[in-house]
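Construct the entire structure; sequences and hints are all you get.
These are the residues of each chain, in order.
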Amino acid sequence: MAENEKEKLTIVVFSGELDKAMAAFILATTGASMGMDVTMFFTFWGLNIIKKNEGGIKSKGLMRKMLNLLNRGGSKRLKLSRFNMLGLGTWMMKKLMKESNYPTIDEFINMAQAMGVKIVPCSTTCGIMGLEQDAFRDGVEGIVGAAYFLGEARESRVTLFI
Amino acid sequence: MAENEKEKLTIVVFSGELDKAMAAFILATTGASMGMDVTMFFTFWGLNIIKKNEGGIKSKGLMRKMLNLLNRGGSKRLKLSRFNMLGLGTWMMKKLMKESNYPTIDEFINMAQAMGVKIVPCSTTCGIMGLEQDAFRDGVEGIVGAAYFLGEARESRVTLFI
Amino acid sequence: MAENEKEKLTIVVFSGELDKAMAAFILATTGASMGMDVTMFFTFWGLNIIKKNEGGIKSKGLMRKMLNLLNRGGSKRLKLSRFNMLGLGTWMMKKLMKESNYPTIDEFINMAQAMGVKIVPCSTTCGIMGLEQDAFRDGVEGIVGAAYFLGEARESRVTLFI
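Chains as they are written, first to last, in the numbering used here: chain A, 433 to 594; chain B, 433 to 594; chain C, 433 to 594.
Incorrect hints may appear among the rest.
Identical copies go unnamed one by one, so any copy, or any two together, can satisfy a pair.
[What the hints assert, rightly or not] In silico lysine-lysine, DSBU-like type, Cα no more than 30 Å apart, as pairs:
#, residue 1, residue 2
1, Lys-440, Lys-484
2, Lys-497, Lys-527
3, Lys-508, Lys-484
4, Lys-497, Lys-508
5, Lys-492, Lys-526
Honestly, the hints are just simulated from the structure, not real lab data.
Structure below.
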């Protein structure tokens, strides 16, 4: 590594639950604040975290329409992986986060982007699920493949799969 | 690292769901196609992915027999971690993968092996679950311990736990 | 890395299930036995693994009290992530582990500590969940933040998120 290059942190975000999203963004923003060059690669259910909160997703074919209805996504619709309890647990966790002055996932995404964290959707899963760039919130990078991720990861000091 | 050595990618596959298996094999085959030396270390529920699809597993003791009946495995029996919906979601995902010309997990395993990806079962979990070499499909490497995995991982550019 | 420094292994333990805890401690103790310098960073549900088995947790506010009642924790209360079957699957797994002469999680924690593995709770999740140092068993290090984890991870040969 050249002297003037920043150390890299690369995170695959596979999971789409509120708690895993929190862990991913806490690590990404902490890394950025420590001067690391951070890339988050969103795939499978993780794509839900960076979908737009508003509006439906246009996708072709009945099955993809059904999948995107079930699996609607958006940072405000994430649930806990444990103790969701029909939404009560998730609501409690959000209250506790607010009380402790923690950002919401929505705020975390904006904060991460403002700190230069790159937010990248995975082309393979976008293809299978019928998602195009306009399904994602503003500021999300262009859709890229697994080779892009591995290219970043092999130059990273730390790579995590969440 | 010597100049002529290939960079290593090592993946622990702990989970046995269809979506996690897809993520693991997409990354493993992409890594191999980029010239990386790839090892996949299967443990716990991940062992289900590389079990034979045909025939039952012979194991000693009533509890191990029960466990292997419940936890039958084989690449064709994997389910989604979300939206399985009594099999409907899993069936839909398989259809979408086929429509997008993606390989099945069965094809992915054969492809990975043809590309030189090493597929290795973990001895600790094989011991607990009563699995022996003949529970696994052809081409799977001999059963090895956690020290083998860590030995590979400490020489790897990228190590993931899926 | 200086010649006389030990190679580092850093594990984030996010999950609180029996099977994931086993995987984490098998890797941590194997790493320590291979002469690696091992740190385990416990966060979210993973904190349950290192909570005391005895007594309740004192926390302020009704919601935190409820959360800590639901999410009681302690190494003896962990469940399998699959096939828990109202506790039957977990009981079976514990029997199989004992039969195969594997340590319990409780024994694994003591063993890891005796081998010099550092067991560290994450301050962010402790803050949200209202956990203080006295919620954790003896020998657990002081509560630290995500920056501490990333500091360890960037100096590690192997970093895993479990």
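Results of checking the hints against the structure:
no.	hint	verdict
1	Lys-440 with Lys-484	within (27 Å within a copy, 37 Å between copies)
2	Lys-497 with Lys-527	between (33 Å within a copy, 14 Å between copies)
3	Lys-508 with Lys-484	within (9 Å within a copy, 34 Å between copies)
4	Lys-497 with Lys-508	both (20 Å within a copy, 25 Å between copies)
5	Lys-492 with Lys-526	between (34 Å within a copy, 17 Å between copies)
Every hint, counting from the list given before, is met by this structure.
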